[in-house]
Amino acid sequence: MRVGVVTFPGSLDDADARRAIALAGAEPVALWHADADLHGVDAVVLPGGFSYGDYLRCGAIARFAPVMTAVVDAAGGGLPVLGICNGFQVLCESHLLPGALIRNDHRKFNCVDQELVVENTSTPWTWDYSIGQRIVVPLKNGEGGFVADDATLDRLEGEGRVVARYAGDNPNGSYRGIAGVCNERGNVVGLMPHPEHAVESMTGPSTDGLAFFTSVLTSLAAA
Amino acid sequence: MARVVVDVMLKPEILDPQGKAVAQALPRLGFDGIASVRQGKRFELEIEGGITEERLTSIRHAAETLLSNPVIEDFTVHVEDV
Chain A
1053 MRVGVVTFPG SLDDADARRA IALAGAEPVA LWHADADLHG VDAVVLPGGF SYGDYLRCGA
1113 IARFAPVMTA VVDAAGGGLP VLGICNGFQV LCESHLLPGA LIRNDHRKFN CVDQELVVEN
1173 TSTPWTWDYS IGQRIVVPLK NGEGGFVADD ATLDRLEGEG RVVARYAGDN PNGSYRGIAG
1233 VCNERGNVVG LMPHPEHAVE SMTGPSTDGL AFFTSVLTSL AAA
Chain B
1230 MARVVVDVML KPEILDPQGK AVAQALPRLG FDGIASVRQG KRFELEIEGG ITEERLTSIR
1290 HAAETLLSNP VIEDFTVHVE DV
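Chains as they are written, first to last, in our numbering: chain A, 1053 to 1275; chain B, 1230 to 1311.
Source of the hints: derived by calculation from the structure; they are not laboratory data.
Treat the numbers as computed from the prediction; the structure is a model and nothing was measured.
Even glycine gets a Cβ: it sits at the ideal position worked out from N, Cα and C.
Only pairs whose alpha carbons sit at most 30 Å apart, straight line, appear in this in silico DSSO-like list of lysine-lysine:
id, chain 1, residue 1, chain 2, residue 2
1, B, 1249, A, 1160
2, A, 1160, B, 1240
3, B, 1240, B, 1270
4, A, 1192, B, 1270
5, A, 1160, A, 1192
6, B, 1270, B, 1249
7, A, 1192, B, 1240
8, A, 1160, B, 1270
9, A, 1192, B, 1249
Looking from chain A toward chain B, a few residues come up when the C-beta cut is under 8 Å (computed):
id, residue
10, 1109
11, 1199
12, 1201
With the hints as extra help, turn the sequences into a complete structure.
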């Protein structure tokens, strides 16, 4: 299995994402923002960081990078796509996911080990979790507040498309404590916290994040 | 040269932490009586040649495609005398 990780100018967590993919047992493939195609990968991760300096709005300029045309097309065909942090922002700006991410309600940059509750385990990125499972992974962002209108939030909850929610106090003002969502088909997942930083006990608060990356292998093998 | 201005504002139902910070700072400086502040963005586009309806249509398209995110923001477009 080959899993691509897109590097935009300003991406930070692309190397950690590739490392997490390798630890999960897949072959990481470095993709560049200017690439016209996805080099035949089986899944794609859009990593965290500050693509294009977060100018205009987070993810707004990255959304028009050449590689995103290929990502949007492939996502429409069912390719598993995971956007983490800035990658989540890019997916929302691309309209692959509903809602948007705005500045934290307390206006400070967050950097904490965050407990999450996994609510949807039918996506290719969450198969290896169990429903209601509590995990701890780093959360680090300034613009992590997930917002959408009430009708969209009701639909997301009604259709089981909230992939993960913050446990305990809401760390950034995200509406209804939402930490991650998926598209209707479930193949595109956006997550504000960083599972790729919680894959080894030496460097992370837990190894709870690794299952995001093993999940995609399990689901691809089952397909 | 003509100038087209695109003003972008967060939709009323979307929280505006920056506006809130400004609103909290104003009374500290003695500026009283300001009930709330919403912060937006203003884009000034310098246009070559004259402004045609076709050109304005294309600018509106740019405003909804890149300059604003219609999920959380509204925009207005107007022509300004330079």
